[in-house]
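S.K.: For reference, the chains in residue letters:
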Amino acid sequence: MQLTVWTYEGPPHVGAMRIAAAMEGVHYVLHAPQGDTYADLLFTMIERRASRPPVTYTTFQARDLGTDTAELFKTSARDAYARFEPEALLVGASCTAELIQDDPGGLALALDLPVPVVPLELPAYQKKENWGAAETLYQLVRALAGPTIPRFAPPPGETQRAVRGARPRCNLLGPTSLGFRHRDDVQEVRRLLEAIGVEVAVTAPLGARPADLARLGEADFNVVLYPEIAGLAAQWLQRSFRQPYTKTVPIGVGATRDFLREVATLAGLDPEAAVRAGESRLPWYSRSVDSTYLTGKRVFVFGDATHAIAAARVATEELGFQLVGLGTYSREQARDVREVAKRHGLDALIADDYLEVEDAIARAHPELVLGTQMERHVAKRLGIPCAVISAPVHVQDFPARYSPQMGFEGANVLFDTWVHPLMMGLEEHLLGMFREDFEFHDSAAPSHLGHGARVAVEAPRHDAAIAHAPAPAATVAWEPEAELELRKIPFFVRAKARRNTESYAVAQGIASISVGTLYDAKAHFGR
Amino acid sequence: MNAVPDCAVTADRATAPTAPTAPTARTERGQREVFCGLTGIVWLHRKIQDAFFLVVGSRTCAHLIQSAAGVMIFAEPRFATAILDERDLAGLADANAELDRAVARLLERRPDIRLLFLVGSCPSEVIKLDLARAATRLSVIHSPTVRVRHYSGSGIETTFTQGEDACLASLVPSLPVEDTDAASLLVVGALPDVVEDQFDRVLAAMGIGPVRFLPPRRSTELPPVGPNTRFLLAQPFLADTARALAARGARHLPATFPFGAEGTTEWLRAAAREWRVSPERFEAVTAPARARATRALARYRAQLEGKRVFFMPDSQLEVPLARVLSRELGMELVEVGTPFLHRQHLAAELERLPPGTAIVEGQDVERQLDRVRAARPDVTVCGLGLANPLEAEGLTTKWSIELVFTPIHGYEQAGDLAELFARPLVRRVRLAV
Ligand code: SF4
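Going line by line, the protein sequences match chains A and V. Mind the numbering: the first sequence is residues 179 to 705 in the working numbering, read in order. Mind the numbering: the second sequence is residues 254 to 686 in the working numbering, read in order.
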C-alpha cells in the first residue's frame with residue numbers, strides 16, 4: 179500500500195487509451211465503473227481534443243456484480259462495434275474489473291466480430307501508464323503487423339531496400355495522444371529524415387490506422403522516438419522482421435547529430451553528409467559571451483527516463499550547467515538513468531513519490547529545476563526557477579505554437595525555455611554588488627519576468643524549505659556581523675554559502691563563525 | 254413546452270384530460286459518463302479545515318481526484334490515496350496492517366488533523382476490505398486526538414455529488430445530542446463560506462435560530478442534533494444524510510432549493526413558517542435581497558430568454574437549475590437529465606417545471622448525444638469529457654462541474670448563476686474566428 183497525493187503516471191489502461199486515441203479506426207471497450215470515465219477529460223481538456231476518445235466503458239454498478247457484468251460487457255462491445263464500426267477493437271479491464279475476472283478478451287472473441295479483436299491484460303495493481311501504453315502498442319503491432327516472416331524477406335545482411343530497389347524507408351514509432359510535445363516532435367523528425375533522403379513509411383500510433391500497422395514490416399528499420407512506449411514493439415519487430423531500430427533519442431544538438439549518423443548508417447547513407455542536414459542556433463547562443471553566466475549553474479533534472487537522460491546531456495554539454503541531481507519516475511528504465519547519473523558522479527533518484535523528489539531538490543540546492551509539472555510546483559514553492567521537460571502533461575504543455583523538443587528546432591526551443599527562467603547575467607552581478615538597494619530584496623524576480631513573478635509569500639517558504647535541509651552542525655554559532663554579511667549574498671546562493679561555511683567551520687573546529695570564517699570558507703570552496 | 258408561464262392555455266389542452274400536467278420522467282440505462290463519489294473530496298477537503306480524506310483504492314482513484322479538479326491544488330491538499338497493490342490483494346490481514354501504517358505515517362506528518370475519513374472505492378469494496386472495522390480500530394488507536402470515520406465514494410455505489418451525501422451521512426451518528434428544548438435550524442450541504450454567512454445573516458434577521466451548518470468548518474464544531482432540530486437541505490443530493498438526520502429525530506423542512514430568487518425565497522420561507530415569522534417581517538428582511546436578485550437576473554434574461562437548454566446528467570443539481578432557467582430566465586428545457594431523481598426532495602421543484610418537461614433519470618450517453626445532435630440546443634450542460642467535442646460540433650456548452658465549484662446559491666449569487674449560462678453564448682457571439 180503506497181500513500182500518494184499526486185501521481186506521475188495514471189493506471190495502465192490510461193496508457194492503452196493514449197494509444198487508442200492516437201490512432202484512427204481503433205475502438206477500446208473498457209470494463210470499468212462509471213467514475214473511470216474521468217479519463218476522457220484528460221484528452222478533451224488537457225490536449226483539447228475535438229472529439230471524444232474512442233472508448234466505451236461498461237460502467238457496471240454494485241447491483242450488477244455477481245450477476246450479469248459479463249453480459250453487460252458483451253452488450254457494450256457489440257453496441258460499440260455497431261455504432262463506431264472500428265477496424266480493430268481493443269478490449270480490457272480497469273483496476274476494478276480486473277478483480278471481478280470477467281475475461282473481456284474471451285468474451286469479446288466469442289462475439290465473433292468481423293474485425294481483429296486485441297485483448298489487453300494490463301495488471302493495474304503492478305503496472306502504470308507508460309507500461310500500459312507500451313504493452314498496448316506491442317499487442318496491436320503483434321496482432322496486426324501481418325505474418326511474422328516478411329513476404330519479401332531479404333537475405334541476411336541486406337536491407338529491404340536492396341530487395342525493393344528504392345529510397346531507404348523507416349517507421350516512426352512511439353508518439354501518442356497526451357505525449358509531451360509528441361505532435362511537434364513527429365513533424366520535426368520527419369523533416370530531418372526527409373532532408374537526408376529517408377522516407378517515412380508509417381508513423382505509429384499517432385495518426386495510424388490498423389491497416390497501416392499491417393505495413394510496418396515493409397520498412398528497412400524503425401525510428402524509436404520514445405523508448406518507454408515503443409521499445410517493446412520495436413524489439414518484436416526486430417525479431418520478427420529483422421528490422422533494426424534506433425537507440426538515440428534526438429533531443430539536443432549532440433543527440434540529434436548522433437541520431438542522424440545512426441539513421442544514415444542504418445539506411446546505408448553517408449553519415450557525415452547526414453549531419454549537415456540542419457543546424458540549430460543553440461551552439462552559437464551558448465558560445466555567445468552573454469551566456470557565460472550559465473556556466474556551472476546547478477541544475478536538478480527529473481522526468482520520464484527519455485527526457486531526463488536527454489536533459490542531463492543538453493544541460494551539461496550544451497549549456498555548460500552542472501548537474502546536481504538526476505532522477506526519473508520510470509522504474510522500467512531506471513538502469514539507464516542510473517548509468518547516466520553515475521557518469522556525473524551522482525546517485526540517480528528513482529521515485530514516484532513527489533515528496534521524495536521535493537526533499538531531494540531541497541537538499542541539492544539547485545539554481546534551476548528541469549522537471550515535470552510536479553517539480554514546477556515544488557520549485558515554485560522553493561523559489562527556484564523551473565522549466566518543464568517531461569510528462570505528466572498539463573494544458574500548458576500543448577502550446578498553440580510549434581514547439582518540438584527533438585531535432586535542431588527542438589534544441590532552439592530547449593535553449594529558450596531553459597534559459598528564460600534564469601536571472602540574466604549582468605542583472606545577477608548587480609544584485610550581488612548592491613545588496614542594500616531596497617528594490618533588490620530577496621523576492622525580486624528576474625526583471626524580464628515582470629513584477630510579482632515571485633510573490634512575497636514565497637520568500638518565507640523558501641527559507642523554511644532551506645531550513646529543512648539537514649544542517650551539518652547545529653552546534654556552530656554565527657556571530658551577528660557574519661550573519662549580516664551572509665545576508666548580502668544573493669538569496670539563491672545564500673543557503674549554499676551558509677551550508678559550506680558551517681561545514682568548513684566544523685571541519686576546522688571553529689565554534690563561532692565570524693566574517694573572516696565566512697570568507698575563509700568562500701576561498702576554500704571557490705565556485 | 255413554452256417558457257412563458259402565462260402563455261395562453263389552448264382550448265385543446267384545457268379540455269384534453271390526458272394533457273401532461275407534471276413533467277414526464279423516464280429512466281435510461283447504458284454507459285454513464287459521470288464522475289464517482291470520490292470527486293466530492295475535491296471540495297469537501299477545503300470545507301472542513303481539520304479533516305483529511307484518505308481514499309483506500311487504486312492508482313485510478315488517485316488519478317481521478319488529481320484530474321477531476323482540472324488543476325492540481327498545490328496548497329498541501331488534505332487528501333491522499335492509499336494505493337492497493339498486489340501484496341494487499343493477496344491477503345486481507347496484510348492490507349489492514351498496511352492501512353494502519355499508512356494512517357500512522359499520515360497523522361505524524363499532519364498533526365493538525367482531527368477528523369480522518371477513510372473513503373472506500375470500487376477496489377476496496379470488491380475485495381471487501383472492511384473500512385467500518387478499520388475506522389473503529391483506528392479511532393481507538395488515535396483517540397482522543399483524531400476521530401476516524403468512513404464512507405464509500407466508489408463508482409459502483411455513488412455518482413459524483415453522492416460522495417458528499419455519503420460523507421455527511423457518515424458524520425451524523427457522531428453529532429452531539431441536542432439537549433435544549435428550543436428548536437434549532439440545521440442547514441445541510443457544503444456551501445461556500447460566503448454563502449453560509451449570507452444565509453446566517455438573513456435567518457438571524459428573522460429571529461430564526463440558532464442556525465448551524467453541516468458540514469461545519471471545523472470538525473470540533475459538529476452541530477448537535479435531536480428531536481428539536483429542523484433541517485433545510487441546501488443541496489438536492491443529500492438523500493442518505495436526510496434519512497440519517499431523521500433517524501436522530503430531526504425534521505426536514507421541505508422546500509425548493511435555494512437557487513434563484515424564487516427558490517431562495519421559498520427555501521427561507523420554509524424556515525420562517527416553522528419559526529412563525531410574520532409575513533411582514535419575512536417580507537421586510539428578504540425584500541431588499543430579493544429585489545437585487547431579480548434585478549441581476551433581469552440583465553441576463555434578455556440574453557437567455559427563449560434559448561433552449563439540454564442538461565446531461567451530472568450533479569443532481571439539474572432539476573433545480575432547470576427550474577431557475579425556465580421560470581426566472583425564460584429558457585426552454587429540451588431535456589433535463591439527472592443521474593438520480595429523488596422525487597420526494599424534489600417535489601417542490603418538479604411541480605414548478607413546465608408541464609411535459611422531459612426528465613431522464615440515469616444515462617445512455619450515446620443515445621443522449623444522438624438526441625443532443627438532433628435537437629441542437631443553444632446550450633448543453635455537460636461534463637468535461639463531452640464539452641470540447643460538442644463545441645467542435647458547433648454546439649455551445651456549459652461545463653457542469655463549474656456549477657458545483659462556484660457559489661451559485663442564494664439571492665446574492667442568482668446573477669452569477671445566470672451569468673454562468675450566458676457567458677458561453679456571449680463568447681460565441683464575440684468570437685469572429
Ligand atoms: S470509479 Fe471506482 S475505481 Fe474508478 S476512480 Fe472511482 S472509486 Fe476509483
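Don't take each hint at face value.
[As the list claims (entries may be wrong)] Taking lysine-lysine and the BS3-like style, the derived pairs with C-alpha atoms no more than 27 Å apart in a straight line are:
{"id": "1", "chain 1": "A", "residue 1": "Lys558", "chain 2": "V", "residue 2": "Lys300"}
{"id": "2", "chain 1": "A", "residue 1": "Lys305", "chain 2": "V", "residue 2": "Lys300"}
{"id": "3", "chain 1": "A", "residue 1": "Lys666", "chain 2": "A", "residue 2": "Lys700"}
{"id": "4", "chain 1": "A", "residue 1": "Lys252", "chain 2": "V", "residue 2": "Lys300"}
Keep in mind the hints are simulated off the structure, nothing from the lab.
S.K.: Next, verify each hint and record whether it holds.
M.R.: Going down the list of hints, with the structure as the test:
A C-alpha spacing of about 25 Å is found between Lys558 of chain A and Lys300 of chain V, which places the hinted pair at or below 27 Å, so the restraint holds. The hinted pair formed by Lys305 of chain A and Lys300 of chain V fails the criterion: a straight-line CA distance of about 34 Å is larger than 27 Å. Restraint check for Lys666 of chain A and Lys700 of chain A: satisfied, since their Cα atoms lie roughly 14 Å apart, inside the 27 Å limit. For the hint linking Lys252 of chain A to Lys300 of chain V, the alpha-carbon distance of about 42 Å lies beyond 27 Å, and the restraint is violated.
Of the hints listed earlier, those the structure fails to meet are numbers 2 and 4, in rising order.
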